Every structure is written in C-alpha cells, then in structure tokens.
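**Q** Spelled out from the first residue to the last, the chains are:
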Amino acid sequence: MSTLSFEAAPVPIRDEVAAALPNVWARIGEPGTWLTAEQRTAIAAEARNVAGCALCAERKAAISPFAVDGEHNHLGALPEVWVDIIHRVMSDPGRLSERWFREVTSSGISPREYVELIGVVVSVVGIDTFCRGIGQDAPEIPDAQDGAPSPETPEHLNIELAWVPTLDPDHDGPLQREFYPGSAAHIRRALTLVPATARSFWEMANTLYLRGDQMRDFGTEYRAISHAQIEMIAGRVSALNQCLY
Amino acid sequence: MLLRASGEHSGDDYDLSALLGKSGDESGIPNAGVLLEFAEAAVGADPARLDAARAAVIEAMGGEALADAAGVAALFNAIDRVADSTGIPLEDDKAEMTEGMRDQLGINAFGETPEPAKA
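Read top to bottom, the protein sequences are chains A and B. Heads up: the first sequence begins at 1 in my numbering, then just goes up one per residue. Heads up: the second sequence begins at 1 in my numbering, then just goes up one per residue.
Calculated directly from the structure, the hints in this document are not laboratory data. Fair warning: this is a prediction, and the values are worked out from it, not measured in the lab. Be a bit skeptical, because a hint or two may be false.
[Said to hold, decoys possible] Chain B side only, calculated, beta carbon under 7 Å to chain A, not exhaustive:
| id | residue |
| --- | --- |
| 1 | G33 |
| 2 | A42 |
| 3 | V43 |
| 4 | G63 |
| 5 | L66 |
| 6 | A69 |
| 7 | V72 |
| 8 | R81 |
| 9 | A83 |
| 10 | S85 |
| 11 | T86 |
| 12 | G87 |
| 13 | L90 |
| 14 | D93 |
| 15 | A95 |
| 16 | M97 |
[Unchecked claim] Chain B is nowhere near these chain A residues, computed Cβ spacing over 10 Å in every case:
| id | residue |
| --- | --- |
| 17 | E80 |
| 18 | L175 |
| 19 | P181 |
| 20 | S226 |
| 21 | N241 |
Here a beta-carbon is modelled for each residue, glycine too, at the ideal position from N, C-alpha and C.
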C-alpha cells in the first residue's frame, strides 16, 4: 500500500494522476532491478536531505561545481559516490558533465545502478514538487519491502547516443514497441537501460504532462490548461534548471 | 519548440522570451503572469511565495488548472534531471529547427561549465 494518496487533496486531482503517482511512489519501497529496497529508500531519503547541504550551496554558487571539494551533509546510509550523484543531480543538474559521469561510474556504481538511482531521484523530485504545488504535504518514504532485485538487461543497446547505454530503436523487439510507440525521441530512450525504471518514469510523465500523441494534437485540449500554457510552464521550469534539452 | 508550434496552430504570436524571465504578461498567453510565477515558486524554496502563487492561480483559473499546472512543473523539474544526468543530446532536427530561437533566448549557453584540468 502506498503512503501517497490524493483522497484529501486540496484541489481536484485527475483520476489518472491519483492512480499513477501512488504506484510510482510505492515502487520506491520495493526491490528494484539492480538495487535493493533498502538502497532505493535510502536514495529517496538522501534526495530529500540535499536541501540543507552546505557543500551543494557552495558548488551552486561557484563558477564551476567541480572546483569545490568538501563533504556533503548526508544521512550516512549510502556510499560516498552515490551521495555525490544524488546531491549534484538534485542541486545543480544543468552542470553535470560526461567526464564526471565517467569518473563516478568507474568508482563505485555501474551504469545500470546509476540509471536506477536516477529513476528513484526523479520520482522523488516529480512527486514532491507536485505535492508542494497543490498544497499537500509530501508523502512519507515507503518502508523497504523484503525481497531481492530482479535483474534485467535489455538486448540491443546503443552505447553512442548518450552517456548511458540506451535501448536501440533500430531493432524490433517488445521493449522497443513498448517504449518507442511511434517515436524514439532521445528523452524516451534515456532510462531504457533499466526497463522497469523507464516504465515507472513514463507512468508518471504521461499523467502529469501529456502522452506523445497528445503533445502535438493542438486541436484538442487534454488538460484544464492549454497546450500553450503547458509548454510555457515547461519552458520556464527547464530554463530555471538550465536544461538545454 | 512546442510552444511555438502551438502558437502557429492557433494563429497566435507568442513571445517566447516569456520563458526566460519576463513576467509573461506580454506573451500573448492567457494568465501567463500567474502561471509563470506559480511555476517558479513550485520549483523554488519559498513556501510563502508558493502559497501566494497557488492562491493566484486558483483565483484566476480554478483548482483543476492549479493541479495541471503543478503537474507540468513537477514533471519538468524531474525530466530535466533525466536529460541532464543521462547525457542525452538534443535531436539533430530539433536542434536545427530551434537554432535561431535558442540563440535569441541564450539557451545555448546552458550547461557551459568550466571543469578544472585533471591533476
């Protein structure tokens, strides 16, 4: 059972959002593909802990975040490299670099563990931001459930598109048909190294934003705000995050 | 890019600089000012500012609009981190179509971070 519910939300919440987000949230407490439930809940807790980190504030203010050394204010449950990834992704995502990625993935976390970690972090970001936005308290982090991870490595990976390997759309397979229905936009490929992580992320994305087919259907409004209003909000948030994509 | 496409579909001429710091009131998009203030507050760290921004959206557009605006702000606060942490590049066709707009708005400067030379 999820610790997130919108039954008492201060404003009306669409049914698909009220159904999807508790599912996404509950998965944080379940064993993942490569990470245990304990690791996943610890990642979520560390993501929420970043706000008060002095090192992150100092790096954010620096010309280069890579020029400032120090120790993060952390909860002590995760390896140092994992903590640094979480803190940088939370506090200054627009200034991550490929060299930094290569360094961290050669010193204590594999690319597939990295992708799953990112999936947990962005689930926390999405759901906490949504709850704050509507004026509802953020949910408690779910308890870690028993069980072991269920490893899954997709076949036919592309290692040239991004820093992380991604599911190659040029091969026909069930995962390609699931994740690239009509389009293999790069953002849809980003988390596909860990299919369960990609699946959970897009469950959140399709309900909070729009499905791919709805994005370009300008003749129909699917939300209580218009396409133009949606894209304006998206653009402003991405600008604040210094996101080039 | 989709904002521009939306304007082209509706025949409206939206001021894209609303994305990067203008109040939004001159963008041509209804309720742009309250929505942009809400978007900034939703991803910011000032609870009082967010309370005021939330109330302004509800007053102008209603609770369902607030929930959908919160959803978009939340999703892009997350998806920006997906893009930045996985190093996915902008598609060539999108880069080509938006080259002038990105240059005009200064978006091309995003992510330009000097790294110290390795010892």
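**Q** For a quick check of understanding: which of the numbered hints are violated here, in increasing order?
**A** 1, 14, 15, 16, 20 and 21
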